[in-house]
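The residues making up each chain are set out below.
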Amino acid sequence: MSNTALQMNTNSVEVHTTSGRGFTPEEIAERCANKIIAISDDANPAIRAQAHAFREQMLKTLEFYMHEAIKSDRTTVHNALTEAGHPELANYIRRL
Amino acid sequence: MAFTGNYMCTSFKKELMYGAHDFDASSGDTFKIALYTSSATMTAATTAYATTNEVSGTGYTSGGEALTPVDPTSSGTTALTDFADETWGSSTITARGALIYNSTPNTTSISLTNPAILVLDFGADKAVSSGNFTVVFPTADASTAIIRIA
Numbered sequence: 000m001s002n003t004a005l006q007m008n009t010n011s012v013e014v015h016t017t018s019g020r021g022f023t024p025e026e027i028a029e030r031c032a033n034k035i036i037a038i039s040d041d042a043n044p045a046i047r048a049q050a051h052a053f054r055e056q057m058l059k060t061l062e063f064y065m066h067e068a069i070k071s072d073r074t075t076v077h078n079a080l081t082e083a084g085h086p087e088l089a090n091y092i093r094r095l
Numbered sequence: 000m001a002f003t004g005n006y007m008c009t010s011f012k013k014e015l016m017y018g019a020h021d022f023d024a025s026s027g028d029t030f031k032i033a034l035y036t037s038s039a040t041m042t043a044a045t046t047a048y049a050t051t052n053e054v055s056g057t058g059y060t061s062g063g064e065a066l067t068p069v070d071p072t073s074s075g076t077t078a079l080t081d082f083a084d085e086t087w088g089s090s091t092i093t094a095r096g097a098l099i100y101n102s103t104p105n106t107t108s109i110s111l112t113n114p115a116i117l118v119l120d121f122g123a124d125k126a127v128s129s130g131n132f133t134v135v136f137p138t139a140d141a142s143t144a145i146i147r148i149a
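Here the protein sequences line up with chains V and C, keeping their order. Under numbering that gives the first Met the number 0, the final residue of the first sequence carries the number 95; numbering is consecutive throughout. Under numbering that gives the first Met the number 0, the final residue of the second sequence carries the number 149; numbering is consecutive throughout.
Hint data in this document are derived by calculation from the structure and do not stem from the laboratory. One thing to keep in mind: the hints can contain errors.
Each computed SDA-like pair below joins lysine to any residue, with the alpha-carbon atoms no more than 20 Å apart [claimed, not checked]:
#1 K34/V to S74/C
#2 K125/C to R30/V
#3 K12/C to T9/V
#4 K59/V to S74/C
#5 K34/V to K12/C
#6 K12/C to L5/V
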């Protein structure tokens with residue numbers, strides 16, 4: 000006999016906030032990694048260690064490419080502002 | 000009275016049996032998340048979205064924001080669905096909890112307006128000042144996804 004239940008996760012919804020700034024790429028990468036991989040405390044120690052090592056490598060990759068995305072987007076914004084006749088503002092964005 | 004925990008609304012469970020909720024990511028219903036202050040009273044008995052005690056402030060619009068659903072899937076014998084994290088950017092607000100509701104339910108077999116799905120209790124007031132306010136949903140697997148049929 001099996002029991003079927005409709006369930007919700009009652010523990011894991013979190014709220015992340017910042018004040019006076021947005022999230023950093025590192026903070027977002029951490030969240031992204033948590034979405035991709037969850038590592039159980041009950042897992043076999045060897046597998047758990049491998050999973051943590053994989054997560055750390057993935058986190059570094061995510062951080063790198065998030066920085067790349069920001070740089071690329073700033074180039075796009077810089078060019079848009081320059082073309083719109085706002086070179087000073089464009090340079091401010093580039094130097095951020 | 001304040002939030003007293005996380006709940007899957009009882010009315011939602013019944014509405015599932017009427018086929019009122021479609022979680023398909025591309026062609027399904029529109030699910031929204033609205034934020035509430037600590038004055039709100041929400042339990043499993045909550046049946047629909049209401050504006051009473053809803054958060055107000057810079058960067059927040061009454062009714063909340065549309066969530067990005069993730070296609071339902073299965074893992075082992077468990078079916079599950081998920082939502083992408085939701086962020087209110089450049090906002091100045093304080094919220095104690097949230098309500099996820101369906102703004103476009105299937106009303107073929109049952110009369111519904113903005114039916115409630117889940118009540119989320121943040122555990123304490125969460126405040127943001129000129130920053131980002133993000134609700135982070137758990138990893139979508141068989142044991143932790145936000146909504147599961149196991």
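We went through each hint and held it up to the structure:
1. The suggested pairing of K34/V with S74/C holds, with an alpha-carbon distance near 16 Å, which does not exceed 20 Å.
2. A threshold of 20 Å between alpha carbons decides the hint, and for K125/C with R30/V the separation of about 18 Å falls inside it, so the pair holds.
3. Between K12/C and T9/V the alpha-carbon distance is near 16 Å, which keeps this suggested pair within the 20 Å criterion.
4. A threshold of 20 Å between alpha carbons decides the hint, and for K59/V with S74/C the separation of about 28 Å lies outside it, so the pair is violated.
5. A hinted pair counts as satisfied when its Cα atoms are at most 20 Å apart, and K34/V with K12/C does not qualify at roughly 26 Å.
6. Of the pairs offered as hints, the one joining K12/C and L5/V holds, with about 8 Å between alpha carbons and a cut-off of 20 Å not exceeded.
Consistency with the previously given hints fails for numbers 4 and 5, ordered from lowest to highest.
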